[in-house]
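Just so you know, the sequences run in chain order P and L. Residue numbers for the first sequence follow this note's numbering, so the first one is 1 and each next one is one higher. Residue numbers for the second sequence follow this note's numbering, so the first one is 1 and each next one is one higher.
A hint or two may mislead.
Stated by the list, open to error - Derived EDC-like pairs (lysine to aspartate or glutamate); straight-line CA-CA distance at most 20 Å:
(1) Lys13/P to Asp275/P
(2) Lys215/P to Asp125/P
(3) Lys171/P to Glu104/L
(4) Lys171/P to Glu87/L
(5) Lys13/P to Glu160/L
(6) Lys215/P to Glu85/P
(7) Lys171/P to Asp110/P
Unchecked claim - These stretches of chain P come out as covered by chain L in the derived footprint (C-beta under 8 Å, 3 or more residues):
(8) 162-175
(9) 196-205
Claimed, not checked - Anything over 12 Å on all C-beta distances counts as not near chain P; from chain L, calculated:
(10) Glu47
(11) Gly78
(12) Leu80
(13) Arg131
(14) Leu206
Hints in this document: simulated from the structure, not taken from any laboratory. Glycine included, C-beta positions come from ideal geometry on N, C-alpha and C.
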Amino acid sequence: MPGFEPSNRVWQKLRANRAGLAGCALVSLYGLIALAVALGWAGQEWSLVSGERWESASSAHWFGTNQLGQDIFQRAIYSVRTAFEIGLLVALTSTLLGSVCGAISGWYADTWADHGLVFLTGVLDSIPFYLFAAAVAFAFQASAWAMQIAMVATFWTTTSRLVRAETMRLKSRDFVQAARAIGLPTHLVLSRHVLPNTSHILLAQAAAVFVAAIKTEVILSFLGLGVKDGVSWGLMLAESTQEVLASQFNNHLAAAIPLLLLLLGFNLVIDALQDALDPRQGSA
Amino acid sequence: MSPAYGEPVLAVQDLRVTLGARAGGVAVVDGVSITLRAGEILGLVGESGCGKSMTGAAIMGMVPGASGQVSSNSMQLGDLDLAQLDESGWRRIRGSRMSMVFQEPLTALDPVFSVGSQLLEVIRRHQPASRRQARSVATTMLASVGFPDCERAMRCYPHELSGGMRQRALLAMAMVCRPQVLIADEPTTALDVTTQAQILHLIRDLARQAGTAVLLITHDLSIVQAVCDRAMVMYCGRVSEEGPADALLRYPGHPYTAGLLAAMPRLSSGPVEPVQGIPGSVPAPGQRPAGCSFSNRCGRADHLCRSQEPVLHSADPEMSDSPHRHACHHPLAHPIGSATA
Numbered sequence: 001m002p003g004f005e006p007s008n009r010v011w012q013k014l015r016a017n018r019a020g021l022a023g024c025a026l027v028s029l030y031g032l033i034a035l036a037v038a039l040g041w042a043g044q045e046w047s048l049v050s051g052e053r054w055e056s057a058s059s060a061h062w063f064g065t066n067q068l069g070q071d072i073f074q075r076a077i078y079s080v081r082t083a084f085e086i087g088l089l090v091a092l093t094s095t096l097l098g099s100v101c102g103a104i105s106g107w108y109a110d111t112w113a114d115h116g117l118v119f120l121t122g123v124l125d126s127i128p129f130y131l132f133a134a135a136v137a138f139a140f141q142a143s144a145w146a147m148q149i150a151m152v153a154t155f156w157t158t159t160s161r162l163v164r165a166e167t168m169r170l171k172s173r174d175f176v177q178a179a180r181a182i183g184l185p186t187h188l189v190l191s192r193h194v195l196p197n198t199s200h201i202l203l204a205q206a207a208a209v210f211v212a213a214i215k216t217e218v219i220l221s222f223l224g225l226g227v228k229d230g231v232s233w234g235l236m237l238a239e240s241t242q243e244v245l246a247s248q249f250n251n252h253l254a255a256a257i258p259l260l261l262l263l264l265g266f267n268l269v270i271d272a273l274q275d276a277l278d279p280r281q282g283s284a
Numbered sequence: 001m002s003p004a005y006g007e008p009v010l011a012v013q014d015l016r017v018t019l020g021a022r023a024g025g026v027a028v029v030d031g032v033s034i035t036l037r038a039g040e041i042l043g044l045v046g047e048s049g050c051g052k053s054m055t056g057a058a059i060m061g062m063v064p065g066a067s068g069q070v071s072s073n074s075m076q077l078g079d080l081d082l083a084q085l086d087e088s089g090w091r092r093i094r095g096s097r098m099s100m101v102f103q104e105p106l107t108a109l110d111p112v113f114s115v116g117s118q119l120l121e122v123i124r125r126h127q128p129a130s131r132r133q134a135r136s137v138a139t140t141m142l143a144s145v146g147f148p149d150c151e152r153a154m155r156c157y158p159h160e161l162s163g164g165m166r167q168r169a170l171l172a173m174a175m176v177c178r179p180q181v182l183i184a185d186e187p188t189t190a191l192d193v194t195t196q197a198q199i200l201h202l203i204r205d206l207a208r209q210a211g212t213a214v215l216l217i218t219h220d221l222s223i224v225q226a227v228c229d230r231a232m233v234m235y236c237g238r239v240s241e242e243g244p245a246d247a248l249l250r251y252p253g254h255p256y257t258a259g260l261l262a263a264m265p266r267l268s269s270g271p272v273e274p275v276q277g278i279p280g281s282v283p284a285p286g287q288r289p290a291g292c293s294f295s296n297r298c299g300r301a302d303h304l305c306r307s308q309e310p311v312l313h314s315a316d317p318e319m320s321d322s323p324h325r326h327a328c329h330h331p332l333a334h335p336i337g338s339a340t341a
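Make a model of the complete structure from these sequences and hints.
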């Protein structure tokens, strides 16, 4: 089959999935907003007190103002950047940590290194997730990265577990033996031949961690353990708890709806990715 | 650089592989001695579980360290003592001076990388070549294993190639550094018959050109007949018979070799003869009978066979150093002098 490459097949499958495409469009839109904020083109006046308390929506303040008279639209837009920053950082770090630990654990399965790592992931997983994240964030309160450390510490275990299982499966495959037979040392066998073959797991798992990080940020920020400089949907929701009592819903809705749409978009993308990357589906 | 045709390149004396050291240990390879000569193909024959693949793995230093223990009296590759090598020493040898071809060509190639990048990986691992030099070495190698369009073949992914082409790509990877020893573990078992012949002749031609000694592991005696110079029959981790391929196939001395030959289906114009199998199956390691390990399946076995283990000796009673040797107390009789014919 000339010119018929696996990347094409994945792309064709992705394109055929309408829900997945809609999700992609939604996530891309958010991505562009995040980029625009990061480049200083939008959302820069999130902390400026530019109006009265609780102004309603107008051409000057699209979503109205909050308790302090800050523009809610600016704050909602800036929060997109916060969410992407945290999502990307946590997804990349925990995928890296999880894949390295998982590959080592799977390659040296049933040795002390593997036993140690499996024990560690088991212990971390047995602690209720939000309790653990909150505890770690609290313990590292002095650090600007407390929340990120807390999330990576809890999210890497799932990636590690998945990669460990896949590594154990791949280890006995001929091409891994062949990689040894051409004289590659173990770390190159793992990084060049084992891990690239787990990329479908890593990609889907990184996307799932991205979503989980954004959700967790909201919860931790709501608890006062999250974002310290800047604004996020979680902080906006925390503010709005008092406003809702005064029948002011703008702040609440301006945080909840964008969050909902982003999570929805991401879940559609993840589903589509898993379908497209699954080698067992469709003809090869 | 490459040794003259017929010169010994690999000499292994009394190779033993023991598996499961914790549970007392079972010898799956038990005192095998192999000499490989430049440009020559040695066929290593036997049923599944006779230790032939483990012999190949032990020669490559690739018996899994946790489960297996390898020992030998001596293991020499040219003037290099393999028994003294540490893991990094082995890594320098593997892929350059000794290489390997596997049975299943689809799974032996990494599915996520192109043929070209996998071939370049071998070259750049073992040769001080620039990117461009390595590329030209790679395309030349692909041409010499029979790819019609090398530039396109470099970009192909394993799933885009047919079984025969994949095996050619693997051969290119194995032979690109002109190794002294090639271990081919059932290289054609997964291929259809016409492709089998092409690949076998390709292996023979490449080996002759590069002066590579080939250890061809197979269960198929017709492959031995087609391309091997010498043959070695293994049973239960031991060598039961060895010798020049012609002599061994025409005048088998060991009843096991004769049994394998009788089990080969033949095309003939005469009445159809039923293929004869060897009764029973290979005993599991650790459950081998005392004396000759073939005695429980052998029609010629007697009291001597069940009590005393036969050693390899010349098949020709008048010539004690005949290259044709077998380990049997009651070998099949052949005309005098025919064993070395």
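Unsatisfied constraints (hint numbers, rising): none
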